[in-house]
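Residue numbers (numbering that gives the first Met the number 0), protein chains in the order written: chain A, 0 to 292; chain B, 0 to 292; chain C, 0 to 381; chain D, 0 to 381.
Please keep in mind that the hints were generated in silico from the structure rather than gathered at the bench. Please note that the accuracy of each hint is not assured.
Mimicking EDC-like on lysine to aspartate or glutamate, the simulated pairs with C-alpha atoms at most 20 Å apart in a straight line are [what the hints assert, rightly or not]:
1. 245(A) to 148(D)
2. 262(A) to 148(D)
3. 218(C) to 148(D)
4. 221(A) to 148(D)
5. 262(B) to 125(C)
6. 129(C) to 260(B)
7. 242(C) to 223(C)
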Amino acid sequence: MTVLVGPNTKVVVQGITGREGSFHTQRMLEYGTKVVAGVTPGKGGTTVHGVPVYDTVEEAVRRHGANASVIFVPARFAANAVLEAVDAGVELVVVITEHIPVHETLRAVNYARSRGVTVIGPNCPGLVAPPVRTKLGIMPNNIYQTPGKIAVVSRSGTLTYEISYQLVRTGFGINIAIGVGGDPVVGLDLAEAALRVAQDPDVEGIVVIGEVGGDAEERLAKMYAEGAINKPMAAYVAGRTAPPGKRMGHAGAIVMLGSGDAKSKIEAFRAVGIPVADTPFEVPQLMARQLKR
Amino acid sequence: MTVLVGPNTKVVVQGITGREGSFHTQRMLEYGTKVVAGVTPGKGGTTVHGVPVYDTVEEAVRRHGANASVIFVPARFAANAVLEAVDAGVELVVVITEHIPVHETLRAVNYARSRGVTVIGPNCPGLVAPPVRTKLGIMPNNIYQTPGKIAVVSRSGTLTYEISYQLVRTGFGINIAIGVGGDPVVGLDLAEAALRVAQDPDVEGIVVIGEVGGDAEERLAKMYAEGAINKPMAAYVAGRTAPPGKRMGHAGAIVMLGSGDAKSKIEAFRAVGIPVADTPFEVPQLMARQLKR
Amino acid sequence: MKLHEYEAKELFSKYGVKIPPGRVATTPEEVRKIAEEIGGPVVLKAQVVVAGRGKAGGIKVAKTPEEAYELATKMFGMNIKGLVVKKIYVTKYVEVDREMYLSLIIDRATRRYLFLASPIGGVDIEEIAKTQPEKIKRVYVDPSVGLRDYHVRSIVLWLGFKPETAQWRQTSSIVQAMYNIMVDYDAELVESNPLAVTKEGDVIPLDARVIVDDNALYKHPELEKALEEDPRDVTEFEMYAKKIGFHYVELDGDIGIIGNGAGLTMSTMDLVYHFGGRPANFLDIGGGASRDVVKEALKVLLRHPRVKVIFINIFGGITRADEVAAGVEAALAEEGGTNKKIVVRMKGTNEELGRQMLAKLGIPLYESAEEAAQKAVELARA
Amino acid sequence: MKLHEYEAKELFSKYGVKIPPGRVATTPEEVRKIAEEIGGPVVLKAQVVVAGRGKAGGIKVAKTPEEAYELATKMFGMNIKGLVVKKIYVTKYVEVDREMYLSLIIDRATRRYLFLASPIGGVDIEEIAKTQPEKIKRVYVDPSVGLRDYHVRSIVLWLGFKPETAQWRQTSSIVQAMYNIMVDYDAELVESNPLAVTKEGDVIPLDARVIVDDNALYKHPELEKALEEDPRDVTEFEMYAKKIGFHYVELDGDIGIIGNGAGLTMSTMDLVYHFGGRPANFLDIGGGASRDVVKEALKVLLRHPRVKVIFINIFGGITRADEVAAGVEAALAEEGGTNKKIVVRMKGTNEELGRQMLAKLGIPLYESAEEAAQKAVELARA
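All chains should be modelled from the sequences, with the hints used to inform the complete structure.
Laid out in structure tokens, this is it:
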């Protein structure tokens, strides 16, 4: 059991017949995820890697009790895919798709929240929980073979894998790794994700991977200072050398109207006692030190 | 303290400078309600019965800590008034206004619910709570002078006063009376209102006043059967002689597509053991009998 | 406001839905002319806003313009469930392969729009719900989200169409059109029953119903105008009462009912019925009860030919009984008296004064509604 | 996509907002002609999509068409914060009574639209936020509800206008226009700074900024076209990389960076900086790393004149080091070799094979990004 997924998590893959959807369905199955159904409108009745495909999420939910969804559909249809999943009654929606117009994300994510549905992403690697061998996303399976007590919450993809790898290499195990997504508006932001994993009694330490843009890191620091998050933490913030007004790969990684630079975030963390690593490779040491205290 | 209002309920009256708004502000003040502010766009800076008037609800909330609103503004502006109250941060909105287009109500009420705000009405007499001398609405003060243990939840206005009067006359006291409103879509429907008052430990019995249209009575009966509402109840349903397809005064009082007639409601109540009075005047007897059991 | 079939169909057409060619007529000559224009067999459909016209003889097929003329002479003026046929919608006769049901309403419980879809149609949804409830699919649309592709997909699949066929696309656009009509026209109901697949393979709304929210009519002046020109199921008394600002519904008994508040007025009707009487109407004067309001309401019923006894039931917290009495007095004065019996029940202040005023007019004032109702029934029997 | 001021103003105008008369010019002659047409004093505004053009000499007042011509000859070609002035917006000079600030953004934390309004304007919002934060009003608009009268009322009151005056109505319609532009054009920012009250008493946007979500540009083909014709702040390399599908940002150092994933690429830049080097760019090839992708990315940097050393940092779960090596090999082959130094750090499978392949090209393969970064910095210094 982890805060977001558990042994009863049954996954439907939206956009399962696409290249990415099909590829990662296989990886998720290999990892141990219970992928019970796929959806591609017009492709109902076929199968992908043995997983039955339906025309609507509602049917996938009705027939297989799917309670979580992973979305791989193209950007133009992805916001609707989220709404469809919410209306079909799943509890967790992971949106891998990049390049969804932010106004569409805004509406889809707000609707999901108003219905009590957790959305991870968009433009994210998803989440992986080694203790329950469940992955809803695209993280490399080989890095997440060691279950443990560390939760990683991150705005990044590959940097999450990198730091997870460093953690595992130095003897840590992972409880859950969540990539919240690189878009300006995401379903569960970095601060909320940290708050969520902190509530898991199995989590002993939280690694936070931030980056330029927005104020989620600052809000997280505030929550920590106020005691809402009371687990040992270590942080890394990417983009110290990012120039203002430029998008650094992620739509959300931009310093704008004078806010969102790495300096502000690093200072906010340090001011409340969350150590910040200067390089990704220092993170395990910081975490180890935090846990010893 | 009652479930919806208490000694800390501070009321802002939206549309306070209108005829109805001004008249009922005085009645509410006389009853003991803490009316702390009024709002009429363009009339900021004036006063009505000693109550300061502002241009926005936000200002009324900021300056006076208003946490509840009563809306008397004309139908064309009323849905926006609800949204304004919700965005200003009040917890309870009572909409007296009749004739709001139902599509507008739909959106306003859904938005309020998604923000955790309780809406009573529209097209309702509001609510009155004798134990805390608080009225947000237009009920006649003289009928609600006797605090006690009975909650009245009703889709009607004057019929609520009539039955409340009969209850008081026969020795009952009132904890709260809520007129949920006569429109097809209301913020808190009859079933939800009953569920809410049932959670009040001070409530010993619940009187339900239903009428033709919709299925709130049937849903209430179901909740009672399932044990979600576990207080003694007595009911009355108006409109046994109402013809199908016709609106009986209330926009919501209509038998349509074969559903919503009084017979179905009465049978639903009786089937689960809620006695239904044949005339309004039998209600106190039924309640007395229920409470003796 | 209930739209006539032809008005509803015109709306569908405006929203891009293919409908059978047709026009509305008000005389048999017109019917013949339209039938000639259309050519081939036509259907004559009585434009009355009630369900079940077909069984009542309100739908006929004519093979020739002459037959159309003949049928029309009989259909015009026909009384269908209390409504007189004044307009006939003449449309091309279409051969049908199968009939479906599709409607859109507002679901009170979930506060969402709700599509009801069934691959079986042509009969009332109540009928389908009773006999084959498993055939009805419910698709909820949250107003804050609006109609999306997946709602449409779910409905069209249920109605039995294959993805990406011509019929799939036609049906999808009908679903979209119905939703747009619902929202744009503040409708309470948008229905197509039957929604049909023709022998040619087209999907068309063979019948269409739209009910518009009266509270939103002000946004649609063209509909307000249409309603004024053709009041449909609204009786003369209902129209008159509405103008004054009352809620009025015609019933078929002889005891006229005036109450304040919808629930109280309904319960007054029920009370009369409970004691063996038959209410002639529902007349709700609203929450308050001033002298003028009572006067105007009473005048409506004084002029009503079927009403023998008038029962006024007012429950007012701060309403004054002498005000109500004065209203009764004024109405009688303006109408030059009446031979109808009047019974007043009133709970308010100054009851004794009110009682004395009414007594002079020979009208009893009761404090108990039950007693008053019994008296009204007794007087109606006399 | 950042719109030029003139494009933003045209949008405002399209949405019914009164703007000072003006047109955009690309030559001094055109500037003179427009100044003649407008008559009286005009303002020349350099069309570069950066803040603070005024201080940098990008805004000038000309009393006569001749003076406008003279000023234009100097302004065209001017370099403002790295951008060359190619267009000048010539507008009527307006005398201003007071300047305000108004902008609309998406607030990440609340997931709502957010208006920032201040009765003080003409300076950066960052500046106002520092010196007079109490002057900034925040008005949140939930997307599911949209802009309503009370939002507008709240903003217009805050800006200091009296209800129901002409200025109130003008300002209200500007607020509404900004919201509509935000939604209709998928904007990330709609700003008017200053929003001004003129001496004549009109409320007008003296400057206007609009940034459109790149992910939604496909919905606005006219903007896509405008961007293609005038890439604004996008450099040649950024444009080229974008076409191939990479994220690329120009920086000013000499160590070219290639990474997979935005966060990893940023951290690679940071690492280089950490060890004393200066990144020349940000080039994110995305999550995976196939031979072709590595090849294309490397080619971009091989052609970059400022780049002395190229540091490729790939972290791949299932990525094969020999694939990456093959990509490097192919790029070098296609470009006919290079005199730039290349350092590769790679975490994946087949590392030994990859190392051997790269060794043949004289390129070191590191497993540790820190070592690799140090090496890159060292090579750049050499």
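For a C-alpha distance cap of 20 Å, please report whether residue 245(A) and residue 148(D) respect it. Status violated; Cα separation ~35 Å.
Pairwise hint evaluation, residue 125(C) against residue 262(B), where the allowed Cα distance is 20 Å at most: With a Cα-Cα distance of about 16 Å, the restraint between residue 262(B) and residue 125(C) holds, given a limit of 20 Å.
20 Å Cα cutoff - pair residue 129(C), residue 260(B): Holds: residue 129(C) and residue 260(B) sit about 16 Å apart, inside 20 Å.
For the pair we were handed, residue 242(C) and residue 223(C), check the Cα-Cα distance against 20 Å. holds, 13 Å
Given the proposed pairing of residue 218(C) with residue 148(D), does the C-alpha separation stay at or below 20 Å? It holds: about 18 Å lies between the C-alpha atoms, which stays within 20 Å.
Satisfaction of hint between residue 148(D) and residue 262(A), Cα-Cα up to 20 Å: Given pair residue 262(A), residue 148(D) is violated - Cα atoms ~40 Å apart, limit 20 Å.
Is residue 221(A) within 20 Å of residue 148(D), Cα to Cα? violated, 34 Å
When the structure is compared with the earlier hints, violations turn up for hints 1, 2, 4 and for no others.
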